[in-house]
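Quick mapping for you: the protein sequence lines, in order, are chains F and D. If you read the first sequence in our numbering, its first letter stands for residue 1, the second for the next number, and so on. If you read the second sequence in our numbering, its first letter stands for residue 1001, the second for the next number, and so on.
None of these hints come from the bench; they were simulated from the model. In this text the structure is predicted, and so the values were computed from the model without any measurement. For each residue, glycine too, the CB sits at the ideal point set by N, CA and C. There's no promise every hint is true.
[To be verified] Between beta-carbon pairs, the in silico distance windows are:
no.: 1; chain 1: F; residue 1: A38; chain 2: D; residue 2: S1093; range: 43 to 49 Å
no.: 2; chain 1: F; residue 1: T114; chain 2: D; residue 2: V1059; range: 38 to 44 Å
no.: 3; chain 1: D; residue 1: P1007; chain 2: F; residue 2: G56; range: 28 to 34 Å
no.: 4; chain 1: D; residue 1: S1009; chain 2: F; residue 2: N79; range: 47 to 53 Å
no.: 5; chain 1: F; residue 1: N71; chain 2: D; residue 2: T1021; range: 41 to 47 Å
[As the list claims (entries may be wrong)] Per the computed footprint, the stretches of chain F lying under chain D, defined by three or more beta-carbons under 8 Å from a beta-carbon of chain D, are:
no.: 6; segment: 39-47
no.: 7; segment: 55-61
no.: 8; segment: 66-72
no.: 9; segment: 101-109
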Amino acid sequence: ETGVTQSPTHLIKTRGQQVTLRCSSQSGHNTVSWYQQALGQGPQFIFQYYREEENGRGNFPPRFSGLQFPNYSSELNVNALELDDSALYLCASSPRRDNTYEQYFGPGTRLTVT
Amino acid sequence: LAKTTQPISMDSYEGQEVNITCSHNNIATNDYITWYQQFPSQGPRFIIQGYKTKVTNEVASLFIPADRKSSTLSLPRVSLSDTAVYYCLVEDSGYALNFGKGTSLLVTP
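Work the whole structure out from these sequences, hints included.
Written out as structure tokens, the structure is:
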């Protein structure tokens, strides 16, 4: 069984640019959530997708957007990058939407904005 | 307002039992208590979850008193590889996991 995978592993972008991060969920999982983790902090919820629709959103501006595809893989898009967007971006998949069920995290994408 | 409070850091020697206590005074009836572990530059990993009393799996035990206002994660006989950040979460069948800053555990020889 393949776990959650994310690409790329690392990425360096310039302020104002746009970035797309990708996530492949674990087989059989129809729910994908994205988190941002700044250095020294716990992960912060960005949004969740369930069966290709946004199911919930955290306190992040609209320039953070996402997609989920029919195979349940997902993308996180960030427009107009700011220096504070530098963080580890984590994707988590689950066979259920609710947060009482175990979520399986990928290794993350380290984004650096200069 | 944070739902959980846990120590920022803890130190232990190899082979000892480590107990990390988490305070959640405002826990609601529908809330579950969940612990995740995170190694540097990796995603968090589910350790254990409970609602009341005691839960044990192959990795850890979770002790929850009757009032459920706190919980204790117990790691038996830690090794160097248990050095990680441990997060206590209180979740309510919503959709987001609410991580705090966690407890950074350092295990030394």
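**Report entry** Hint check for F/N79 and D/S1009 - Cβ pair distance inside 47 to 53 Å
**Finding:** violated (37 Å)
Requested in this report: Look at the Cβ atoms of D/P1007 and F/G56 and judge whether their distance stays inside 28 to 34 Å.
Outcome: holds (30 Å)
Query raised in the report: Taking 8 Å as the C-beta cutoff, is the stated coverage of the segment 55-61 of chain F by chain D satisfied by three or more residues?
Result: holds (count 3)
Query raised in the report: Do F/N71 and D/T1021 keep their Cβ atoms within the hinted range of 41 to 47 Å?
Result: Distance hint for F/N71, D/T1021 holds at roughly 42 Å.
Query raised in the report: Falls inside 38 to 44 Å, the C-beta gap from F/T114 to D/V1059?
Result: The hint (38 to 44 Å, Cβ to Cβ) holds, given that F/T114 and D/V1059 are roughly 40 Å apart.
Query raised in the report: Residue count check for the segment 39-47 of chain F against chain D: does it reach three with CB-CB under 8 Å?
Result: With 6 residues close enough to chain D, the hint holds.
Report task. Using the Cβ atoms, figure out if F/A38 sits within 43 to 49 Å of D/S1093. Result -> violated (27 Å)
Report task. Report holds or violated for chain D covering the segment 101-109 of chain F, Cβ cut-off 8 Å, minimum 3 residues. Result -> n = 7 at 8 Å, threshold three: holds.
Query - Whether chain D covers the segment 66-72 of chain F (at least 3 residues having a Cβ closer than 8 Å to its Cβ atoms) - result: violated (count 0)
In summary, the numbered hints that this structure violates are 1, 4 and 8.
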